[in-house]
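Protein chains in written order, with numbering that gives the first Met the number 0: chain A, 0 to 409; chain B, 0 to 363; chain C, 0 to 158.
Wrong hints could be hidden among the right ones.
Unchecked claim - Covered, in the sense of this in silico footprint (three residues per stretch, anywhere, with C-beta under 8 Å from a C-beta of chain A), are these stretches of chain B: (1) 9 to 18; (2) 187 to 195; (3) 342 to 350.
Read the hints as simulated data drawn from the structure, not as lab findings. For glycine and all other residues, C-beta sits at the position ideal for the given N, C-alpha and C.
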Amino acid sequence: MSLFSFCKWMAEWTAQKMLIPIFEFQEGLFPPFTNPAGSIADWLGTDGGITTLAWLYAVNIAFAVGMTNLILVIHLERKIAARIQDRRGPMLSFRSFRELGEDLAGSAPSWKFKENYAGIGILQNLADGIKAIAKELIVPAKADKFLFTMGPIIFISSSVFLLVLFPLSDRFAASSAPAGLMVIMAAFSIAPIGVLTSGWASNNKYSMIGGMRSAAQLMSYEIPLLLSMAGVFLMAGSYDPVVIVEQQQASSWFFGIPIWNFIPQFIGFIVFMICILAEVERVPFDLPEAEAELVEGWTTEYSGIRYMFFLMAEYIRGFAGAAVATILFLGGWAGPWPIPPEIWFLTKVYLIIIFWIFIRWSVPRIRTDQILELGWKKLLPLSLINLLIVIFMVEIYPYFSEIVSLPEVF
Amino acid sequence: MAEMWISMGPQHPMTHGLWTLKVKVDGETIVDADPELGYLHRSVEKMGERRKYFMNTTLTDRLCYASSTTWTHCYVNTVEELMKVEVPQRAKYIRTIMLELQRLASHLMWAGAYMPDLGHITGALYFWRDRELFLNLLEAPSGSRLLYNYIRIGGVKRDLPDGFEAKTERVMKLFEQRLDEYADLFENSKIFRMRTEDVGKFTASQAQNLGITGPNLRGCGTKFDLRKHDAYEIYDEVDWDIQTREAGPGYGDCFSRYMVRIDEMKESVRIIRDCFKKMPAGPTLASQIPVRAQGEAFRRTEDSRGEALMYVVGDGSDRPYRWKIKSPMFTTISACPHYLKGYKVADIPAIMGSIDICIGETDK
Amino acid sequence: MEITSFKQKLSSCEGVTEVSVIRDNVVKLNLGNKESKDFFIKLREDYGFEHCSLITAIDNQPEFELVYHFSAINGSVFVKNSPSAVMVEVHVFLERDTPTIESISDLWGGANWHEREAFDMMGIYFIGHPDLRRVLLPEGFAGHPLRKDYVYEIHEEEW
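If we strip away everything but chain A, and leave its shape as in the complex, we get:
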């Protein structure tokens, strides 16, 4: 049973048992033609109404799953960073509230740090969220107020949009567009508009340079990124994530072990991993928000929940980027039977994210001209070479092997 049919079943149930009776009851309370409740009830009875409701359910489930993963990714980043740096990281847990309780009860706090601060620290996210919401939203006096407000909204909405686009497995998918990965990449490239908008609207020189850097970086990395993806699309013959994963699972070399795309297209895999790192703006490619020279770049003037939006959106983009990498090159949700495919998918995504966290905390940031040079002079030719190899494998070799009966290699 796929996610969507489950949602449809749930939508039917809620519509029949809850929504339609409520709206009909409401209609009875008011004189006719003053209340649209009756027409809503009628619409919910049709197939279109049920489908719309089912979509709402599906999107919300995908969103909830994505947000849960977001919290886990942030937590993972904090903990691994702390371990790399010889620290413990956040240790806040429910037990840590003991001191607060003691304080509220009027007795002196016992300061038992070892006992009280020994949790895994997942509550730190909650604390940060509460803090961010509680902060004042400062808008600079000379900022363009409309664009200043729109910047974070564009950024977070395009990122949250990503969450519903990629499937966790062939059954757990909120959307199943045939051009799935193209839509994902399109959603990926909306965010720079938000960055540029907020960088310009802040009326701050640091922010503006940050926004410019972001635009330049994404311009130069989008092309090798899409070219390295083109190899996979050629192999699968489709943009659909489900088809791509099936194709990877179907191609096998020996003993029936599937050959995932990262082996035949190793160059493409490397190029893709570097480009997606630049796309989601993580160290060493986080130039737009370089804190050393640009004071967090385009986020300088933002405070409170708007700043939190930027942070969250970055992690969502990171998660989505890792998910795309998994679908394209690491066999997606395919894996041995007893473990469900969703878990396999998330395991692979988290492995990529952990790899990124290790990179983030062990290398410095590179410079603007160097990043552009890397993008245009090294990654672009490499992605083209990868594409040529794939064309040879998929089109040219089979064509000639039909004529002169070459051995079947690919």
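Fit chains B and C to the given chain A structure using the hints.
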């Protein structure tokens, strides 16, 4: 993109203290720079004229919070020259040990501050973790962790505590191991070298003329270290070499300056070991220390950041008539338009970080 | 050049009086205000004093005294059997009413801010300085606080 002035500081992650660097940028390229000082000016020289000679060590401790012993030592050395005080031999050895420990702590502080400038926060925590060990060592004889006030006119405050040598040896051994470990993370790392090599270049002759001294000058290949070239304490008796690096013939870049400091830390460890080996027994404070002084004297010492020079004029009273402090960073910052021009905005923290700014001593 | 012969050569320079060797590697001399620039050019070009360590201004009441410290980093002047780097300490006396001297910041780039500081703290005017502004004190600060006749109370209200 049109040219524009960007004001970095006084509150900016690049500044490492309170000062302003105004840079004129053309897009991302630096066209001009204008440093501004004075945000941390405490008029130490004027204050010193109203205090007795021995009281001023409190002020000199606060000249540079990262390297307080070296500054106190420079002052004390000058006043001893002025008063013609003979320092006991053991005190000289203890001073040398403390100076080198302070140099290690100061260089580690610098290395830790330099890494976040390049976007490498882990490096900061690694180096500061090691600095902690040296602060513990400095704390053992002096009793405080940042502002020691340990070196006094005529000697040192008290003798080294028991077991200090063994503890120091343990720390130094660990530190040497860790430096070898860090080599993979920093100087052998491709990205680190991409950021530091061929950035912030200046030649040795330029540096000498602009008044750049210390590790920054040695990073251009000039063999000039006041511990050898104007020997004080017992630097001429212990066994050590001047560390130099150059990025190319006669010029240095950020990477060579980084490597000079790393080499210097290894050399400091060598000096400390040799000092412990040769240290004689005896008193640690001169028996007769005058209060008044007449005449003038200057002394220059190799501070962690370069040439520290103090010039004291006494008029026969117990307070200095004029006390002048030369901070190496004062001239180095003044020269920053020379070595910033032509580089990118992202290079500003890399360059200004590599010259090891301390605003406390610069603003006096 | 050995330091004793260097001392001999310096004493024959115009405007130089009371040349003496204090410590084994420091030559101290007094210099007339008018001849100062020519002497400094000679010091840099002929004797290779590449580095201007410090410029100190002293209020000797009534006259001002400027103390220059130069050092030879490349060893053009040396001390026999010693690695010590030679320094020259130049004392120039200025009148109180017209505390002016020619700037040397075109010879030594490092002297630029030392001169600015001397102007800032002591009110010495350096003729030909490219950018003689206050360096440590804010623009518009009244008076020169390291002068001995500076009275804090007068300026207290302004700052």
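Against the structure, the hints come out as follows:
{"no.": "1", "hint": "9 to 18", "in the structure": "holds (count 3)"}
{"no.": "2", "hint": "187 to 195", "in the structure": "holds (count 5)"}
{"no.": "3", "hint": "342 to 350", "in the structure": "holds (count 6)"}
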